[in-house]
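Once you know that position 107 of the sequence shown is 107 in our numbering, the rest is easy, because the numbers rise by one and skip nothing.
Keep in mind the hints are simulated off the structure, nothing from the lab.
Predicted model, so just to flag it, every value in this text is computed and none were measured.
Be aware that a few hints might be false.
Unchecked claim - Result set (SDA-like, lysine to any residue): computed pairs, CA atoms no more than 25 Å apart in a straight line:
(1) K87 / E99
(2) K87 / I63
(3) K87 / A62
(4) K87 / G74
(5) K87 / P24
(6) K87 / P108
(7) K87 / R67
(8) K87 / T97
(9) K87 / W106
(10) K87 / D23
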Amino acid sequence: MRTALPFLLLATLGLAACDGGGDPVEQALRETAAANHAARLPEESVSVKPAGSADEAWVAAAIQQNRQAIASAGQVLAATDDPAVRKMAQAAIDARTREINDLQAWTPAARPAA
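Using the sequences and the hints given, assemble the complete structure.
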């Protein structure tokens, strides 16, 4: 999972660079900085305490991964002026926030007792 995030981030930034605008050296520096940041994220931010069921464990892990993706996209927003990259990063934040809300609505604490 730790290797997937830098790859996805680099792929996203790489696609944004396809429009041909900007200095390729600056783009490479931004991509490297983003990948390095993602690689330095604490491993415990991805680890999840054991839950009562496989369903709960999956939901908890999915929420944590979405939070990590939001943090990474926030770093990209802070580091780039490229409108296309900013648009993709903001879209990722919005989508991941909605997914977290959906997952939290499913959690046993949010559901009425049977």
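For this session: State the violated hints by number, sorted upward, taking the hints as numbered earlier in the document.
Result: 6 and 9
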